[in-house]
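Protein sequence lines, in the order shown, are assigned to chains E and C.
Residues in the first sequence are numbered from 86 upward in steps of one, following the working numbering.
Residues in the second sequence are numbered from 11 upward in steps of one, following the working numbering.
Simulated from the structure, these hints should not be mistaken for lab results.
Yeah, the Cβ is synthetic: ideal placement off N, Cα and C, and Gly gets one too.
A portion of the hints provided could be inaccurate.
Which chain C residues face chain E? A few, computed with CB under 10 Å, are given here [what the hints assert, rightly or not]:
1. G12
2. S13
3. G42
4. N52
5. V75
6. A84
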Amino acid sequence: MEDTGTVIAFWLLAAMTLGSAIGVAAVRNLIHAVGMLIMTFAGLAGLYITLSADFIAVVQVLIYIGAIAILIIFAIVLTPQAGRHNQEGFMRFPALGLGGLIAATMIYAALDTDWATSDRPGFEGTATVIGDALLDRYALPFEIASVLLLAAVIGAIVLVRPEGMEEDE
Amino acid sequence: MGSVDLEHYLILGALLFGIGLYLTLAKKNFIGVLMGIEIMFNAVNLTFISFSRFAESDSPLAGHVFVVFVITVAAAEAAVALALAVLVYRVRDTVDVDRIDLLKW
Chain E
86 MEDTGTVIAF WLLAAMTLGS AIGVAAVRNL IHAVGMLIMT FAGLAGLYIT
136 LSADFIAVVQ VLIYIGAIAI LIIFAIVLTP QAGRHNQEGF MRFPALGLGG
186 LIAATMIYAA LDTDWATSDR PGFEGTATVI GDALLDRYAL PFEIASVLLL
236 AAVIGAIVLV RPEGMEEDE
Chain C
11 MGSVDLEHYL ILGALLFGIG LYLTLAKKNF IGVLMGIEIM FNAVNLTFIS
61 FSRFAESDSP LAGHVFVVFV ITVAAAEAAV ALALAVLVYR VRDTVDVDRI
111 DLLKW
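Please build the complete structure, drawing on both the sequences and the hints.
This is the structure:
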């Protein structure tokens, strides 16, 4: 991708995404960490747009920012005293080493491999094609995903149900 | 101005994955661990989308379909994991993963 707008957008969004992802690790207050996490998700939605993935960008905003971030805030509010501290445990330096090592390995692989890229232009509206594919070629995984979501919702409700509700019924 | 290629997105995805892995392993708070897992999911999604955009393929949008499934599973995982966090907090009064050690030898 050569045009100046896309290049500038990529570098700005990449800086925003990486910076706020580091912020999630750096800030002490867990609520602020969720704010940083939302910035990361928003930056990634922008990056999806630079990759002409319009449907996935909208899904990213709806599900990650709209649902998962809110769920995390709910969990923080429901775990009061313990939920405010965001510090690292004794695994801090091993984790730093392992994370850096894996990132370095993947970067080396990405740069060393001769990827079979093509110069085709960006997609023209992806939602229709994805919708057709989901209900045609990927119909079975689509149905399994809906069963998985139903099981997860019921499981979450059963898990956090207050104790002693069985006797009330 | 240079151009932006597949490698740029792959490097960004790898760096994000490293940060997510660090969060997952290092944080004491269970909810912090979960945020790291979400960042790792997002790094993988970014890699899928960038391959879908740049790689030679007959049906390039299959990568997008895979990302839709990853997001679905991530949402289910987040719901159950946060329910578990609330449940553990109710029983043990903490979500510090260093202190949830009933299975320690």
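For each hint, the structure was consulted:
1. Among the interface hints, the one on G12 (chain C) holds; its C-beta lies about 7 Å from the nearest C-beta in chain E, closer than the 10 Å criterion.
2. About 5 Å separates the beta-carbon of S13 (chain C) from the nearest beta-carbon of chain E, less than 10 Å, and the hint is met.
3. A least Cβ separation of about 5 Å between G42 (chain C) and chain E falls short of the 10 Å threshold, and the interface hint therefore holds.
4. Taking 10 Å as the C-beta cut-off, the interface hint given for N52 (chain C) holds, the closest approach to chain E being about 5 Å.
5. With a least beta-carbon distance of about 5 Å to chain E, the hint placing V75 (chain C) at the interface is held under the 10 Å criterion.
6. The interface hint given for A84 (chain C) holds, since its Cβ lies 7 Å from the closest Cβ of chain E, which is under the 10 Å cut-off.
Of the numbered hints listed earlier, not one is contradicted by the structure.
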